[in-house]
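Visitor: Produce the complete structure using the sequences and hints provided.
Top line first, the protein sequences correspond to chains A and B.
Just add 22 to the spot in the first sequence (first one is 1) and you have this note's numbering.
Just add 166 to the spot in the second sequence (first one is 1) and you have this note's numbering.
If you are wondering where the hints come from, they were derived from the structure by calculation, not from laboratory data.
Quick caveat: nothing in here was measured; it's all calculated off a predicted structure.
Accuracy of the hints is not assured; some may be wrong.
[Said to hold, decoys possible] No more than 27 Å apart at the CA atoms, straight line, and that leaves these computed lysine-lysine pairs for BS3-like:
| id | chain 1 | residue 1 | chain 2 | residue 2 |
| --- | --- | --- | --- | --- |
| 1 | A | LYS626 | A | LYS602 |
| 2 | B | LYS357 | A | LYS481 |
| 3 | A | LYS436 | A | LYS719 |
| 4 | B | LYS278 | B | LYS201 |
| 5 | B | LYS357 | A | LYS65 |
| 6 | A | LYS602 | A | LYS39 |
| 7 | A | LYS773 | B | LYS193 |
| 8 | A | LYS626 | A | LYS597 |
| 9 | A | LYS65 | B | LYS358 |
| 10 | B | LYS201 | A | LYS719 |
| 11 | B | LYS322 | A | LYS824 |
| 12 | A | LYS65 | B | LYS299 |
| 13 | B | LYS358 | A | LYS50 |
| 14 | A | LYS436 | A | LYS373 |
| 15 | B | LYS213 | B | LYS299 |
| 16 | B | LYS213 | A | LYS65 |
| 17 | A | LYS65 | B | LYS350 |
| 18 | A | LYS719 | B | LYS350 |
| 19 | B | LYS201 | A | LYS65 |
| 20 | A | LYS358 | A | LYS838 |
| 21 | A | LYS626 | A | LYS719 |
| 22 | A | LYS236 | A | LYS436 |
| 23 | A | LYS358 | A | LYS824 |
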Amino acid sequence: MGQELKEMPNNPMEHDKYIPETFNLVGKRGIRRIDGYRKASGKAIYTRDVQLPGMLYATFLTSPYASARIKGMNTSKAEALPGVRAVLRYDDPEIRGKKVISTYGGEEEILSGYAYFQGQQVGAVVAADTEDIANEALRLIEVEWEERPFVLEPEDALESGAPLARPEWIPAPKGTISADLSATQGEGAGSNKLPVSFGFAPVLRFGDIEKGFKEADKIIEFKARRRYHGCADAEMQSGITRWEGECVEVWLHHQHPYEHKWTMHQWFDIPMNQVKINSPYNGAMFGGWNWIDYSMIPQCVSAILAKRTGRPVKWVFNRRDDFTFGQMDVMTTDFKVGAKRDGTITAVKLKTVYANCSFEAALHFLENTSIPHIYSETLLAQVNRGPTMAIRCEQAPPSFCFSHVFNHVAAELKMDPTEVALKNDGTEGEDMEYLAEFKRSHGFPVRDSLRECIEAGKKAIGWDEKWHPPGSKRLPNGRMHGMGFVWTHEWDSTRGAGVAGLLIQPDGTVSIIALRSDIGVNAETTYCQIVAEELGMRIEDVFFRQQDDVYLPLMTPDGSCNLTTNGYVMKKVAKLAKKKLLELATSTVHLIESDIPPAFPGMKPEDLDIKESVIYAKVDPSNKKSVAEVVKDVKGSVILPREYAAIQNTTHEPIFVWAWHRQGRLGVEPGRHHLCRQAHFCEIEVDPETGEIEVTKVVNVNDVGKAISPEAVEGQQYGGTYMGIGRNRSEEYIWDKPTGVLLNGNLIDYKFSTMGDVGSIETIIVETGMGYGPYGSVGVGEDIGTVTSYLLESAVYNAIGKWVDDGPLTPDKVLKALGKA
Amino acid sequence: MNETRNGLTRYSCPYCSNTFDSFEAIKSHIITDHKTELLPEPEGMIKLTINAQKYKIRVEPEWTLYYLIHDQLGLTGTKLMCDHGACGSCTVIMNGRAILSCMTLAIECDGKQIETVEGIAAANHPLIEEYVKHHCMQCGYCTPGFVVAAKALLDKNPHPTEGEVREALAGNLCRCGTYPQHPKAILEAAKKLQDLVEVK
Numbered sequence: 023m024g025q026e027l028k029e030m031p032n033n034p035m036e037h038d039k040y041i042p043e044t045f046n047l048v049g050k051r052g053i054r055r056i057d058g059y060r061k062a063s064g065k066a067i068y069t070r071d072v073q074l075p076g077m078l079y080a081t082f083l084t085s086p087y088a089s090a091r092i093k094g095m096n097t098s099k100a101e102a103l104p105g106v107r108a109v110l111r112y113d114d115p116e117i118r119g120k121k122v123i124s125t126y127g128g129e130e131e132i133l134s135g136y137a138y139f140q141g142q143q144v145g146a147v148v149a150a151d152t153e154d155i156a157n158e159a160l161r162l163i164e165v166e167w168e169e170r171p172f173v174l175e176p177e178d179a180l181e182s183g184a185p186l187a188r189p190e191w192i193p194a195p196k197g198t199i200s201a202d203l204s205a206t207q208g209e210g211a212g213s214n215k216l217p218v219s220f221g222f223a224p225v226l227r228f229g230d231i232e233k234g235f236k237e238a239d240k241i242i243e244f245k246a247r248r249r250y251h252g253c254a255d256a257e258m259q260s261g262i263t264r265w266e267g268e269c270v271e272v273w274l275h276h277q278h279p280y281e282h283k284w285t286m287h288q289w290f291d292i293p294m295n296q297v298k299i300n301s302p303y304n305g306a307m308f309g310g311w312n313w314i315d316y317s318m319i320p321q322c323v324s325a326i327l328a329k330r331t332g333r334p335v336k337w338v339f340n341r342r343d344d345f346t347f348g349q350m351d352v353m354t355t356d357f358k359v360g361a362k363r364d365g366t367i368t369a370v371k372l373k374t375v376y377a378n379c380s381f382e383a384a385l386h387f388l389e390n391t392s393i394p395h396i397y398s399e400t401l402l403a404q405v406n407r408g409p410t411m412a413i414r415c416e417q418a419p420p421s422f423c424f425s426h427v428f429n430h431v432a433a434e435l436k437m438d439p440t441e442v443a444l445k446n447d448g449t450e451g452e453d454m455e456y457l458a459e460f461k462r463s464h465g466f467p468v469r470d471s472l473r474e475c476i477e478a479g480k481k482a483i484g485w486d487e488k489w490h491p492p493g494s495k496r497l498p499n500g501r502m503h504g505m506g507f508v509w510t511h512e513w514d515s516t517r518g519a520g521v522a523g524l525l526i527q528p529d530g531t532v533s534i535i536a537l538r539s540d541i542g543v544n545a546e547t548t549y550c551q552i553v554a555e556e557l558g559m560r561i562e563d564v565f566f567r568q569q570d571d572v573y574l575p576l577m578t579p580d581g582s583c584n585l586t587t588n589g590y591v592m593k594k595v596a597k598l599a600k601k602k603l604l605e606l607a608t609s610t611v612h613l614i615e616s617d618i619p620p621a622f623p624g625m626k627p628e629d630l631d632i633k634e635s636v637i638y639a640k641v642d643p644s645n646k647k648s649v650a651e652v653v654k655d656v657k658g659s660v661i662l663p664r665e666y667a668a669i670q671n672t673t674h675e676p677i678f679v680w681a682w683h684r685q686g687r688l689g690v691e692p693g694r695h696h697l698c699r700q701a702h703f704c705e706i707e708v709d710p711e712t713g714e715i716e717v718t719k720v721v722n723v724n725d726v727g728k729a730i731s732p733e734a735v736e737g738q739q740y741g742g743t744y745m746g747i748g749r750n751r752s753e754e755y756i757w758d759k760p761t762g763v764l765l766n767g768n769l770i771d772y773k774f775s776t777m778g779d780v781g782s783i784e785t786i787i788v789e790t791g792m793g794y795g796p797y798g799s800v801g802v803g804e805d806i807g808t809v810t811s812y813l814l815e816s817a818v819y820n821a822i823g824k825w826v827d828d829g830p831l832t833p834d835k836v837l838k839a840l841g842k843a
Numbered sequence: 167m168n169e170t171r172n173g174l175t176r177y178s179c180p181y182c183s184n185t186f187d188s189f190e191a192i193k194s195h196i197i198t199d200h201k202t203e204l205l206p207e208p209e210g211m212i213k214l215t216i217n218a219q220k221y222k223i224r225v226e227p228e229w230t231l232y233y234l235i236h237d238q239l240g241l242t243g244t245k246l247m248c249d250h251g252a253c254g255s256c257t258v259i260m261n262g263r264a265i266l267s268c269m270t271l272a273i274e275c276d277g278k279q280i281e282t283v284e285g286i287a288a289a290n291h292p293l294i295e296e297y298v299k300h301h302c303m304q305c306g307y308c309t310p311g312f313v314v315a316a317k318a319l320l321d322k323n324p325h326p327t328e329g330e331v332r333e334a335l336a337g338n339l340c341r342c343g344t345y346p347q348h349p350k351a352i353l354e355a356a357k358k359l360q361d362l363v364e365v366k
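Guide: Here is the structure:
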């Protein structure tokens with residue numbers, strides 16, 4: 023195991039034991055973003071931008087009905103249209119009844135003859151010379167639809183006699199991965215009740231819930247709801263397939279492109295070593311689409327069409343097509359909470375009904391508090407809406423429940439919500455003393471993360487001066503003033519695996535060799551920062567081009583996991599490369615006719631160090647040679663002058679290393695406690711005449727353990743806040759109830775935050791070093807957008823003295839709460 | 167325009183259908199009688215200037231300016247996000263005004279001066295460096311649209327206030343939420359431009 027480094031953790035309970043005392047690059051501001059110029063100047067290439075010679079465009083027929091089956095279809099007029107090169111039908115013998123199997127275990131029919139939501143890609147796909155011709159051909163397809171009854175709301179779907187949302191649905195057979203991912207088998211094919219997702223149990227029991235209620239001074243009961251919303255990502259979905267004989271090459275707008283090698287292998291029975299993946303920049307991602315088995319379908323379809331036509335085929339979704347999936351916190355929860363007068367929560371009972379996908383809503387109470395008694399029941403219904411998945415995090419349901427419980431308890435007890443938070447901070451029913459001992463015994467710094475976050479945030483927003491009893495402060499402009507607060511743990515749910523190589527080129531520059539889809543989190547730069555830091559190189563001598571298929575598995579690309587996992591890989595390759603480089607600098611290269619003396623004769627690797635891309639002797643730093651000189655310091659191959667070494671390869675073994683790292687499973691294994699916390703504060707004004715909420719200030723405080731790129735952390739803080747506030751206030755898919763047709767599948771009527779929608783945002787980074795990631799870091803990509811999605815409820819209550827527990831908090835709901843609508 | 171019959175080539179005038187025995191004869195006829203250049207332009211032919219380069223190109227009536235720029239001319243910095251004038255990603259400058267290229271028909275752009283993000287970058291406009299420095303991009307898809315809108319603002323108003331910057335960019339959507347960085351970068355770029363003017 024030459025690739026192993028003992029000081030690096032491979033046990034998920036461990037953390038980084040190799041943290042330098044001082045840093046040259048890690049944590050430094052002002053390091054130029056590698057992707058910055060390309061993205062600002064329009065040079066960055068996205069899949070949507072790629073055109074290949076002879077390329078065809080494929081577009082999809084979509085269902086006009088919420089639930090329908092195709093009884094018959096006439097595609098002859100479409101096929102006859104000039105410029106149409108192929109039409110693939112659902113009843114084509116090659117695809118009929120066949121399913122796409124993803125590595126996540128799910129299955130979808132490749133092109134089904136039935137639809138279970140309006141807008142679903144169904145029945146036929148056309149490949150033509152242009153997108154316009156393909157779309158025109160779609161309009162010429164005559165379809166005989168069997169319209170079926172449908173159900174849109176999960177509560178309705180679970181009632182007896184409700185129409186079946188998906189009559190063709192068959193539970194996953196036992197022994198398959200899909201079945202493993204479902205804790206129960208639901209009620210089978212004749213019911214809308216689905217198995218609970220992600221392997222959670224349908225009922226979670228922790229402690230004794232009835233005992234918890236008996237210990238309480240106050241029982242609080244309420245209901246809260248979050249309506250369907252979605253990703254609305256920047257670049258509409260697309261992908262390209264091109265066949266070159268037995269090899270296939272694909273271009274993908276996808277966060278998990280490597281998965282498609284598997285899919286291509288499954289579908290076409292071609293070896294994975296004959297599939298090449300290109301992963302251009304992605305125009306926003308946030309998970310979502312990539313986690314849906316459905317995302318495999320268009321790529322498979324384009325591969326079939328490309329094979330049949332002998333031409334590259336680019337499949338494209340239009341903006342409406344892009345609205346086919348949503349975030350998984352489509353949920354209604356009944357809450358019953360017990361609390362003591364001093365703010366100690368004794369019991370939390372939840373009953374949650376989800377649509378199309380579920381998660382464990384009580385998770386944050388378990389991971390994050392000393393609450394001793396928890397009970398959570400999950401019901402999952404399938405409805406005639408698009409699939410739901412994790413869009414910027416599956417932790418939305420637990421964040422939703424967590425913020426609602428803490429807000430309501432503080433309000434009922436007439437306490438400052440920050441005090442209630444501190445009162446209940448802990449883990450798995452244990453208090454802060456237990457957690458301090460855990461930190462001590464596991465070698466973490468012992469700091470009170472939540473207290474630090476709350477103190478910093480309160481000071482920044484002026485909490486002590488501004489917070490007031492609910493509904494008690496009217497501003498001179500007639501609006502009602504409110505202060506909001508939410509908290510939870512940081513996203514230390516680090517998981518996944520990463521593999522990368524590192525090569526020192528003959529000119530002394532360093533290439534990171536890895537495939538990693540870009541999602542905008544400045545990963546290319548931060549990976550280079552770590553490598554440069556550990557190897558002793560200048561940052562400008564290290565480069566990472568994430569989009570190339572280097573035939574290594576994809577590094578974990580998920581927003582909050584990538585750096586905490588892949589950062590270890592970078593540390594490992596850098597340390598291994600340093601070792602090899604210093605060995606080369608002190609070793610003689612033996613040739614037949616002569617020997618090449620070492621760059622540092624008579625010295626051992628441990629006598630040397632590297633700084634600023636220069637190798638120097640520790641005892642005499644003036645004895646130095648640049649890395650470029652050392653790696654190029656060869657006689658040259660064959661009889662060519664040594665400059666040819668770069669072309670013909672070097673006479674010494676190239677400095678090439680590789681490393682792999684796995685971090686956790688789902689990151690939530692019992693006993694692997696979250697140690698870092700986050701807290702968010704806001705100040706709002708509610709217009710009592712219009713019901714509009716103006717967010718004047720938000721303060722984000724995140725204990726990220728260690729910020730490797732502070733600007734990137736801040737980007738996730740304010741960026742997540744814009745997304746969270748948009749979700750909290752206005753983002754919602756709206757269906758026409760009588761027809762089940764989505765009414766606002768466009769970026770005019772689906773409203774996410776613009777520049778004018780949030781006042782000022784102040785970002786505060788706390789660094790306690792208590793993360794499991796490299797340098798004690800935690801992930802930060804997903805959490806702020808998720809947690810701030812439930813920030814406004816407490817602020818609106820503080821402003822108007824009434825709860826609006828139905829997200830998004832649109833003006834009509836606020837007016838209704840004020841008794842005005 | 168020309169046909170060969172019995173070994174003789176005849177040239178017919180595309181304006182009046184008269185025929186001539188030689189190319190010189192028809193050329194002289196068109197210049198004298200029709201008072202125009204030699205040949206009529208085919209339908210859909212437009213001339214325009216993009217980033218100071220002249221183009222003469224035949225466009226279909228349904229082509230948008232975005233499609234012409236991005237798909238036909240390969241200037242892929244101009245991006246398509248909403249496809250109906252709601253997001254600003256496809257913004258280009260036309261005769262000094264920021265316009266949405268997904269909502270503009272190419273055929274209407276005859277004689278126009280267009281500037282895209284590629285032109286702004288090629289001219290080393292300080293906006294680009296300030297955008298990089300201030301991390302104005304995450305996924306980067308909408309970024310060129312912001313840069314172009316900002317350039318159009320600074321062309322018109324070299325000393326904008328932060329409020330004016332925010333107003334000028336209010337029509338540009340960014341799903342990653344990079345919004346707070348743009349005014350900082352643009353105000354900084356305005357300062358740099360001012361310094362350049364003073365040096366000159």
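Visitor: Each of the hints needs a verdict: does it hold here or not?
Guide: Each hint tested on the structure:
no. : hint                : result
1   : A:LYS626 x A:LYS602 : 12 Å, holds
2   : B:LYS357 x A:LYS481 : 33 Å, violated
3   : A:LYS436 x A:LYS719 : 24 Å, holds
4   : B:LYS278 x B:LYS201 : 25 Å, holds
5   : B:LYS357 x A:LYS65  : 25 Å, holds
6   : A:LYS602 x A:LYS39  : 22 Å, holds
7   : A:LYS773 x B:LYS193 : 61 Å, violated
8   : A:LYS626 x A:LYS597 : 17 Å, holds
9   : A:LYS65 x B:LYS358  : 23 Å, holds
10  : B:LYS201 x A:LYS719 : 68 Å, violated
11  : B:LYS322 x A:LYS824 : 47 Å, violated
12  : A:LYS65 x B:LYS299  : 17 Å, holds
13  : B:LYS358 x A:LYS50  : 25 Å, holds
14  : A:LYS436 x A:LYS373 : 25 Å, holds
15  : B:LYS213 x B:LYS299 : 37 Å, violated
16  : B:LYS213 x A:LYS65  : 25 Å, holds
17  : A:LYS65 x B:LYS350  : 23 Å, holds
18  : A:LYS719 x B:LYS350 : 18 Å, holds
19  : B:LYS201 x A:LYS65  : 46 Å, violated
20  : A:LYS358 x A:LYS838 : 24 Å, holds
21  : A:LYS626 x A:LYS719 : 58 Å, violated
22  : A:LYS236 x A:LYS436 : 21 Å, holds
23  : A:LYS358 x A:LYS824 : 18 Å, holds
Consistency note: the structure conflicts with the earlier hints numbered 2, 7, 10, 11, 15, 19 and 21.
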